[in-house]
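Just so you know, the sequences run in chain order A and B.
Counting from 1, position 136 in the first sequence corresponds to residue 136 in our numbering; the numbering is continuous, with no gaps.
Counting from 1, position 63 in the second sequence corresponds to residue 63 in our numbering; the numbering is continuous, with no gaps.
Source of the hints: derived by calculation from the structure; they are not laboratory data.
Please note that a few of the clues may not be correct.
[As the list claims (entries may be wrong)] Simulated DEER-style distance windows between Cβ atoms:
hint, chain 1, residue 1, chain 2, residue 2, range
1, B, S38, A, K304, 29 to 37 angstroms
2, B, Y123, A, E161, 53 to 61 angstroms
3, A, W18, B, E117, 30 to 38 angstroms
4, A, E273, B, E10, 41 to 49 angstroms
Glycine residues also receive a C-beta, built at the ideal position from the N, C-alpha and C atoms.
Single-letter residue listing:
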Amino acid sequence: MRDVAVIGVGMTKWGELWEKSLRDIFVESALEAVKDAGVDKIEAMYVGCMTSGLFVGQEHLGSLLADYLGMGPIPGVRVESACASGGIAFRSAMFDVASGAHDVVLAGGVEKMTDIGGDGATFALSTAADAEYEVYNGVTFPGLYAMMAVAHMDAYGTTREQLAAVSVKNHANGSKNPHAQYPFELTVDRVLNSVMIADPLTILDCSPITDGAAAVVICPLDKVKEYSKNQPVKVLATAHATDSIALHSRKDLTWLGAVAKAGEQAYAQAGLEPKDIDLVEVHDCFTIAEVCTIEALGFFEKGKGGASAESGESAIGGRIPVNASGGLKSKGHPVGATGIAQIVEVTKQLRGDADQRQVEGAKIGMTQNMGGTGGSCVVHILGSE
Amino acid sequence: MSTSARYWREIPQRYRYEAGRCTGCGEVSFPPRVVCKSCAGRDFETVEIAKQGKLLTHTVIRVGPSQFADQTPYAVGVAELDDGVRLTAMIADADFEELKVGMPVKLEFRLIRDEGEAGILCYGYKFVPVR
Numbered sequence: 001m002r003d004v005a006v007i008g009v010g011m012t013k014w015g016e017l018w019e020k021s022l023r024d025i026f027v028e029s030a031l032e033a034v035k036d037a038g039v040d041k042i043e044a045m046y047v048g049c050m051t052s053g054l055f056v057g058q059e060h061l062g063s064l065l066a067d068y069l070g071m072g073p074i075p076g077v078r079v080e081s082a083c084a085s086g087g088i089a090f091r092s093a094m095f096d097v098a099s100g101a102h103d104v105v106l107a108g109g110v111e112k113m114t115d116i117g118g119d120g121a122t123f124a125l126s127t128a129a130d131a132e133y134e135v136y137n138g139v140t141f142p143g144l145y146a147m148m149a150v151a152h153m154d155a156y157g158t159t160r161e162q163l164a165a166v167s168v169k170n171h172a173n174g175s176k177n178p179h180a181q182y183p184f185e186l187t188v189d190r191v192l193n194s195v196m197i198a199d200p201l202t203i204l205d206c207s208p209i210t211d212g213a214a215a216v217v218i219c220p221l222d223k224v225k226e227y228s229k230n231q232p233v234k235v236l237a238t239a240h241a242t243d244s245i246a247l248h249s250r251k252d253l254t255w256l257g258a259v260a261k262a263g264e265q266a267y268a269q270a271g272l273e274p275k276d277i278d279l280v281e282v283h284d285c286f287t288i289a290e291v292c293t294i295e296a297l298g299f300f301e302k303g304k305g306g307a308s309a310e311s312g313e314s315a316i317g318g319r320i321p322v323n324a325s326g327g328l329k330s331k332g333h334p335v336g337a338t339g340i341a342q343i344v345e346v347t348k349q350l351r352g353d354a355d356q357r358q359v360e361g362a363k364i365g366m367t368q369n370m371g372g373t374g375g376s377c378v379v380h381i382l383g384s385e
Numbered sequence: 001m002s003t004s005a006r007y008w009r010e011i012p013q014r015y016r017y018e019a020g021r022c023t024g025c026g027e028v029s030f031p032p033r034v035v036c037k038s039c040a041g042r043d044f045e046t047v048e049i050a051k052q053g054k055l056l057t058h059t060v061i062r063v064g065p066s067q068f069a070d071q072t073p074y075a076v077g078v079a080e081l082d083d084g085v086r087l088t089a090m091i092a093d094a095d096f097e098e099l100k101v102g103m104p105v106k107l108e109f110r111l112i113r114d115e116g117e118a119g120i121l122c123y124g125y126k127f128v129p130v131r
């Protein structure tokens with residue numbers, strides 16, 4: 001298989017974009033990625049989207065978006081793995097280029113979540129859990145992650161304040177990201193005293209409902225000069241694993257097996273260890289999710305992730321900067337776009353283009369994107385050389 | 001919303017607690033599976049799951065889906081039953097303050113929700129604290 005490089009990235013301001021449609025926000029991001037790469041055409045595209053059918057009543061996105069991007073009749077495919085759809089769209093695009101089928105391929109992600117009310121959005125997101133054996137019995141996504149938090153607190157003594165510190169850290173980073181939906185800073189007290197959603201998680205432990213899209217353009221590493229003037233960012237590893245989508249079917253409710261498995265495979269492919277990673281973008285859909293993912297990826301010992309933000313170890317400038325972009329919490333979480341936005345952030349960091357939130361000297365970055373409570377996970381490692 | 005066929009298909013599990021015990025390794029799958037998760041065996045006998053167990057975790061849902069509006073806030077938990085089966089259910093008849101990991105619970109057959117005018121009355125199991 002051929003080595004693959006990211007040559008262009010595009011992302012627009014995320015938020016409640018009432019004046020823009022799903023196709024508008026996708027095309028805006030995709031054109032920015034095409035322009036950044038400096039290419040005049042793409043040969044195929046993969047689009048991550050969790051559930052446009054439920055959010056805006058539109059499926060068949062591969063063709064719709066290729067058409068509106070002005071790239072028809074190229075092959076366009078929509079990829080779904082709940083909130084990991086974007087990461088898996090990138091992985092699919094990578095295999096397309098690596099296999100030699102196409103040279104210049106676009107991987108995008110999009111979700112338009114605010115066209116329906118909160119109840120509709122809660123239902124749409126809940127379809128990532130087991131419909132008959134979790135959702136039927138009243139569970140919501142905040143509820144599932146709250147149960148992971150209770151189990152983690154019970155097993156390891158993780159505190160409510162430590163979880164709040166994750167949100168505070170991610171908002172501090174996101175306040176320096178012009179694309180972030182909520183670029184404001186928080187305090188631990190504000191997180192603790194905000195509205196309770198599912199005990200012990202408050203609304204400021206939860207990532208928001210977001211309209212947003214992101215896109216990247218990739219090509220074979222040995223043909224970068226032919227297509228682009230940009231400094232290429234090499235894909236060093238791509239790994240994907242699954243687990244039961246029902247949380248209750250896992251032997252350890254605090255351990256994300258698919259994340260650990262995808263992480264192990266990614267480290268092995270790249271010949272790297274956790275200590276070699278300069279920054280990581282993880283799937284902090286809830287504060288407890290960040291704690292569990294950084295343990296499963298080996299950045300913190302099992303049970304020790306709780307203190308990561310409180311101690312400053314996961315801050316920009318800390319031992320392992322986690323979610324320099326602001327993460328899902330501050331940047332926003334348009335579910336299908338999140339995995340692509342993580343690639344956008346790491347690419348910018350490795351090019352040295354991350355402005356106020358730049359991790360100094362970053363050469364190797366990781367992304368971790370997951371679906372549901374960890375029923376799917378995709379991990380990528382990118383390198384600047 | 002459940003369609004009536006979708007609701008009816010799950011009745012053996014929700015009304016009669018039917019699970020599949022692998023005749024090869026003894027693992028109990030709830031709901032039943034065609035392929036055993038532990039040993040990939042395909043021969044099962046139908047058994048009833050245990051009716052008692054312990055809470056592994058819990059939460060109180062303060063912002064719930066509209067189907068549960070008349071019950072919100074409500075407690076939910078994951079329990080491991082005495083036969084090793086793990087499942088998610090609402091926790092009925094409990095004070096939120098008393099919820100604790102390790103708390104003994106039993107399964108009871110309860111109304112889960114009703115789907116409104118001319119809709120289905122949806123039944124199933126809930127956890128109830130054993131005091």
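Structure-based check of all given hints:
1. B:S38 with A:K304: 29 to 37 angstroms: 30 angstroms, holds
2. B:Y123 with A:E161: 53 to 61 angstroms: Given a distance of about 41 angstroms, which is not inside 53 to 61 angstroms, the answer is violated.
3. A:W18 with B:E117: 30 to 38 angstroms: Holds, since A:W18 and B:E117 (Cβ atoms, about 33 angstroms apart) stay within the stated range.
4. A:E273 with B:E10: 41 to 49 angstroms: Between A:E273 and B:E10, where Cβ atoms are some 46 angstroms apart, the hint holds.
When the structure is compared with the earlier hints, a violation turns up for hint 2 alone.
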